[in-house]
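Line by line, the protein sequences are chains E and P. The opening position of the first sequence corresponds to residue 1 in this note's numbering, with each subsequent residue numbered one higher. The opening position of the second sequence corresponds to residue 1 in this note's numbering, with each subsequent residue numbered one higher.
Be aware that a few hints might be false.
Unchecked claim - For each label pair, taking beta carbons as the anchor points, the in silico distance ranges come out as: (1) E:303 - P:285: 30 to 40 Å; (2) P:261 - E:211: 17 to 27 Å; (3) E:15 - P:51: 28 to 38 Å; (4) P:261 - E:83: 54 to 64 Å; (5) E:121 - P:301: 51 to 61 Å; (6) P:107 - E:298: 25 to 35 Å; (7) P:301 - E:303: 48 to 58 Å; (8) P:261 - E:298: 48 to 58 Å; (9) E:41 - P:313: 27 to 37 Å; (10) P:136 - E:245: 45 to 55 Å; (11) E:239 - P:101: 39 to 49 Å; (12) E:41 - P:301: 34 to 44 Å; (13) P:154 - E:136: 39 to 49 Å.
As the list claims (entries may be wrong) - Straight-line alpha carbon distances no greater than 25 Å define the calculated DMTMM-like cross-link-like pairs of lysine to aspartate or glutamate that follow: (14) P:240 - P:268; (15) E:212 - P:55; (16) E:244 - P:191; (17) P:150 - P:76; (18) E:212 - P:143; (19) E:53 - E:192; (20) P:28 - P:191; (21) P:227 - P:295; (22) P:244 - E:191; (23) E:244 - E:216; (24) P:308 - P:268; (25) E:240 - P:166; (26) E:219 - E:192; (27) P:212 - E:140; (28) P:244 - E:192; (29) P:315 - P:136; (30) E:308 - E:140; (31) E:212 - P:191; (32) P:212 - E:54; (33) P:240 - E:17; (34) E:244 - P:276; (35) P:28 - P:17; (36) E:105 - P:51; (37) E:156 - E:61; (38) E:219 - P:17.
The set of hints was computed from the structure by calculation and includes no laboratory data. Glycine included, C-beta positions come from ideal geometry on N, C-alpha and C.
Below are the chains, spelled out letter by letter.
Protein chains: 2
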Amino acid sequence: MTLNTPIDMHLHLREGEMLKTVLPYSAKQFAAAVIMPNLVPPVDNKNRLIDYKEEIVQNSDNFTPLMNVFMKEFDEEELLKLKDEIFAVKLYPAGITTNSEGGVKSIEKIYSVLEMMSELNIPLSVHGETNGFVLDREREFIDIYKKLAKDFPNLKIIMEHIGTSEMLYLLDEYENLYTTVTLHHLLLTLDEVVGGMLNPHYFCKPIIKTPKDRDEIQKFVKKGHKKIMFGSDSAPHSIKNKLKGAAGIFSAPVILPALAEFFEGDLETFQKFVSDNARENFNINVPEKKVELIEEEWTAPYIVGNIKPMFAGKKFKFKVL
Amino acid sequence: MTLNTPIDMHLHLREGEMLKTVLPYSAKQFAAAVIMPNLVPPVDNKNRLIDYKEEIVQNSDNFTPLMNVFMKEFDEEELLKLKDEIFAVKLYPAGITTNSEGGVKSIEKIYSVLEMMSELNIPLSVHGETNGFVLDREREFIDIYKKLAKDFPNLKIIMEHIGTSEMLYLLDEYENLYTTVTLHHLLLTLDEVVGGMLNPHYFCKPIIKTPKDRDEIQKFVKKGHKKIMFGSDSAPHSIKNKLKGAAGIFSAPVILPALAEFFEGDLETFQKFVSDNARENFNINVPEKKVELIEEEWTAPYIVGNIKPMFAGKKFKFKVL
């Protein structure tokens, strides 16, 4: 089974030693990835972005980082300077997830930025959660997505890592809304986090939700909806920090083997989900890269550096060559 | 504010050193408590029960343990021997909570025991959860409660520690159904567990649920429903075991100060909730004990032995004398 130019549309690589540890897993399986900017300090200006991109390039081969910049109240000059260096601008509502304390407190404050992005054809990537009750946060954000989609009809908006199935119905309602789906929201439910013993390693934001949400996300992905793209949201934290309550799942090592099983031999839909949909929706041009999976038992790593990966120790039917 | 003979209708005291550490907090605030039998091995026979009761009596003053025995396929002789020593028989569906692996796998298997209990006027205490999706487990158990209530109309059945508000409506539908409500299901939501950083200290079974569930439980408790009784389900685990994922909240140190604030001066309803309802519903006769609360700022302990209590470090307006 050969995939052509798979792209991870939502990836956290961190920096320094952590980056060196985790990046090889993504670079092995993907031709490119959209890199999230929520570092400390955030990647919110050109110099920081160029340096961060360089760090990724230096530590990988044949792998294209598509850079996201952290949303702030950019002026036109800053945005013009960034335009050719970025894939999208990432909007974090303030305080919602890891290192988002410096995020946007009021959507209205960035309306002029969104206007400019729309004119410059820069996509908007959104962590769509309110500060409400944890299971309702995505649903409560739906009205904000609708308002953004209507107010900026020429702005391409990505609803990142959706875990609430109702949001899938926005895709056909609004031409300019797209979505990414993670491996964990596709395959798991809240049972993995709090159903047995408490499992910090499956704790993430947005929290993984109900079987109904998971099943409906699976249905939409299996029918190959063009506006749904794979974005792992692989987000490594040390085991120490996970035990202190940090949110994020390190899924990078197991992505393609797990998806190969999920698609049960439907390579066409698999290919669309991990590559074609993204490339066509966003005109992404990156060097072609073939990634081969062979049918051979493969065991997911128990530990990677000081990080416990998703599906640690689980046996898969496919192995990435 | 003076409470007359408060009773905790659902308490875990553990054994040995742990018991010595936690028991004083309950004995200070309550005249009596219903003691849960899920030890290792379980308290499922008369000798073990007598020994356990003795351990509690030896380690407290002016405090009456009302003993529960762990449900198994008792014959009539065993049950007759236990009758005068116990308050109720506790039914744990197998594998649902801490040390419930030896619980009941099929309700039908204990029908003859329930028949005998009904004749001997021994109440049934139930951890009402299925093995389904974590947020649905209590709701899915409703049909089992209904069936038990109908099949054994003379058996008093306690739906323990309810966190799903729909179950409150069974109380008026079935004369022989009663319920206990914990401090944490009364005051908190799932936000405390997974809404910010992951917080293992508020992880318990049944999992704390939605604002809607909490608000409706509060409404029923505030209006003083006679069949709703306070049962803390205070369930201490060492911090080490909590970090390994053990379910349970150690609320014992903060119960009356927290409830005093909740009832906002409505001593009549407070008294019913923590005492009169239980004594009247189950004809509980224990030595009278007055417990006084004074209006004085009091800070909940940050740590008790190797256990982190509920509301650790929180300031309360009332203090138990």
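Now for the hints, and whether the structure bears them out:
no. : hint                      : in the structure
1   : E:303 - P:285: 30 to 40 Å : violated, 58 Å
2   : P:261 - E:211: 17 to 27 Å : violated, 37 Å
3   : E:15 - P:51: 28 to 38 Å   : violated, 59 Å
4   : P:261 - E:83: 54 to 64 Å  : holds, 56 Å
5   : E:121 - P:301: 51 to 61 Å : holds, 59 Å
6   : P:107 - E:298: 25 to 35 Å : violated, 43 Å
7   : P:301 - E:303: 48 to 58 Å : violated, 36 Å
8   : P:261 - E:298: 48 to 58 Å : holds, 56 Å
9   : E:41 - P:313: 27 to 37 Å  : holds, 31 Å
10  : P:136 - E:245: 45 to 55 Å : violated, 25 Å
11  : E:239 - P:101: 39 to 49 Å : violated, 27 Å
12  : E:41 - P:301: 34 to 44 Å  : holds, 38 Å
13  : P:154 - E:136: 39 to 49 Å : holds, 43 Å
14  : P:240 - P:268             : violated, 40 Å
15  : E:212 - P:55              : violated, 48 Å
16  : E:244 - P:191             : holds, 16 Å
17  : P:150 - P:76              : holds, 22 Å
18  : E:212 - P:143             : holds, 21 Å
19  : E:53 - E:192              : violated, 34 Å
20  : P:28 - P:191              : violated, 31 Å
21  : P:227 - P:295             : violated, 29 Å
22  : P:244 - E:191             : holds, 16 Å
23  : E:244 - E:216             : violated, 32 Å
24  : P:308 - P:268             : violated, 31 Å
25  : E:240 - P:166             : violated, 39 Å
26  : E:219 - E:192             : holds, 20 Å
27  : P:212 - E:140             : holds, 15 Å
28  : P:244 - E:192             : holds, 14 Å
29  : P:315 - P:136             : violated, 34 Å
30  : E:308 - E:140             : violated, 32 Å
31  : E:212 - P:191             : holds, 20 Å
32  : P:212 - E:54              : violated, 49 Å
33  : P:240 - E:17              : violated, 29 Å
34  : E:244 - P:276             : violated, 42 Å
35  : P:28 - P:17               : holds, 18 Å
36  : E:105 - P:51              : violated, 60 Å
37  : E:156 - E:61              : violated, 30 Å
38  : E:219 - P:17              : violated, 53 Å
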